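> Could you slot chain B onto chain A? The hints should help.
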Amino acid sequence: MKLEIKNLTKAFGGVKAIDDVSLSFPSGSLSAVIGPNGAGKSTFFNLISGAFPPDAGEVLLEGQDIVRLSKAERMHRGIGRAFQVASCFPTMTVAENLMAAVTAHAGRWGNLSRRFPPPGVAERANEVMELVGLSQVRDVEAAILSHGDQKLLDIAIALALEPKVLLLDEPTAGMGPEERWRMIERVRGLWERQKLTLVFIEHDMDIVFQVASTIRVLCYGRVLAEGSPDEIRNNQAVIDAYLGTEEHAA
Amino acid sequence: MKGRSALRDVVISAIALVVVLAIPLLHRSPAFEDFIIRLSAMALFATSLNLLVGNTGMVSFGHGMFYGFSAYAFALMMQMTDLSLLVAALLAVIITTFAALCVGAICVRLSTDYFAFITLAVQMLFYSVIISWQSLTGGDQGLRGGIPRREIFGFELSSQLHLYQFCAIVAVLGLLALRHITASPFGQTLRMIRDNADRASFLGVVLWRARLWAFTIAGAFAGLGGVLAALFVSGAYPELADWPNSGQAIFAVMLGGINSFLGPVLGAAMLLALNDVVNRFTEYYGLVLGIVILAFALGLRRGVLDFLKFAFPGRAK
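So the protein lines, in turn, are chains A and B.
75 is the number of the first residue of the first sequence in my numbering; add one for each residue after it.
111 is the number of the first residue of the second sequence in my numbering; add one for each residue after it.
Only chain A is shown next, with the shape it has when bound in the complex (with noise of 0.2 Å):
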């Protein structure tokens, strides 16, 4: 499904997190959104999940405005997302933690009449361990998985109510290099086999310029530039603001 952000603006106190950003994401895209630290990448994530509104401008999804749509009914249009800090229900295996998100999203949360978990949601919640990975630790509790499994369950859970478009918010946060690949590979992976929409927010240049098709960079909550990988390799402004800088720090 195509997403396409129109004059997206927010603002926390005075100050302007996200201003005036505009952006299109084709259907069946790779994307990367970069920027330096507090360039506004989580809060441009979060108004297109519905975590909070915006002050203005339009999320369309397939040409349809979702802007005043609660998070959950975005959701079941189809956008799914997974967070920066892995969050999943930690005293939950990880099969529980994906078949509560399928009940909760077939909406039988409220459900009393019968024993948890309804029919037909053990197999969608093993179709997706399958799908991600995680058919070996499917009997262990979230709270103890590793860092890297937890990442790829919060994945497992937003794909678990099939999405169109997926939303990953630094999938590779607080990985060492070889895991990082290893993840982002996988991600690749499902955004082939899945046909979705996928968009990433990421801080390893490496993976960002071989991974992603197109780049959006984020500075101070404008757009500052896109375009594919090279073109933003070389696009100056991109490096004063930000490879430039990244370089120095590293």
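No lab work stands behind these hints: they were computed from the structure.
Predicted model only: the values in this text are computed from it and were never measured.
Even for Gly, the Cβ is constructed at its ideal location relative to N, Cα and C.
Hints should not be assumed to be uniformly reliable.
Said to hold, decoys possible - Here chain A is said to cover these stretches of chain B; the calculated rule only asks that three of the stretch's residues, wherever they fall, bring their Cβ under 8 Å from a Cβ of chain A:
#	region
1	290–299
2	314–323
Stated by the list, open to error - With beta-carbon atoms standing in for the labels, derived distance ranges:
#	chain 1	residue 1	chain 2	residue 2	range
3	B	F227	A	E259	24 to 34 Å
4	A	S287	B	A407	52 to 62 Å
5	A	S96	B	S221	17 to 27 Å
Here is chain B on its own, set in the frame of chain A:
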């Protein structure tokens, strides 16, 4: 799913019930029978509270108001009307459920700390109404005059044995219903809210509605416990609705274990037994209770059943 089979729960309850009902046939002990009667009321009270505390992560300090409300409602209906015991008991539970719905509607949208405070505040309000509305409730003397027409389904509840049997059956059925609720998709939703409310709402759970349901259901089962309490004391007393009574339920939950379904039942049994034993030797019951609770909090760092689960993983359920 392991541990979730409905049949298994029914079999366990049936066995427990048969054992409890068989004991007086072998040996009559008025003290033990009293204990089970009180435990029936307290177990429903504490387990219903744990639906909020353990399952949903909502710590209510005012749960006793529903226990007391139901006891008064039931006793008053028995004294002032000609309703049969069954009808009065059902009405008492229904009215209490409605009261819980109303109180919950005010409370559940508040954050954790304020939720705890306001449940306590509403309970104190309710308690002062009982104390001051003397013409109806008997004030601090309680509702005296006994409960007439004590027969239901062939049980003659003025007989201690029949009351014992009746309470045991009601408690086991009530616990079975609560067990079913915690094992249902809704019960799983409550655990989602406890673990990660934000993610749960992203998945489509309407948080306030789920919390209000939990609060109302918990109030209903506390009300069922309150009816048993009223039958035991033959009336109703303000202490049933006072905040130390809510505290007793919280102690029961904490002592037995908040993450085990039967934890609050065990905790209630421990509290009652402790009360009986300690009162025989000293009047400083509160002091002993405090030491025991400290020992559990500092020593085990969790309730008994939770501790057993932790110490023997994979064996305890």
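> All hints are to be evaluated individually against the structure, with a verdict given for each.
Checked hints:
Beta-carbon proximity to chain A at under 8 Å applies to 9 residues in the region 290–299 of chain B; the threshold of 3 is reached and the given coverage holds. Chain A is given as covering the region 314–323 of chain B, and this holds because 6 residues of the stretch bring a CB closer than 8 Å to a CB of that chain, at least three being needed. In this structure the hint that B/F227 and A/E259 lie 24 to 34 Å apart at CB is violated, the actual value being about 51 Å. The hint said 52 to 62 Å for the Cβ distance between A/S287 and B/A407, and at roughly 57 Å that hint holds.
With their beta carbons about 37 Å apart, A/S96 and B/S221 fall outside the hinted range of 17 to 27 Å.
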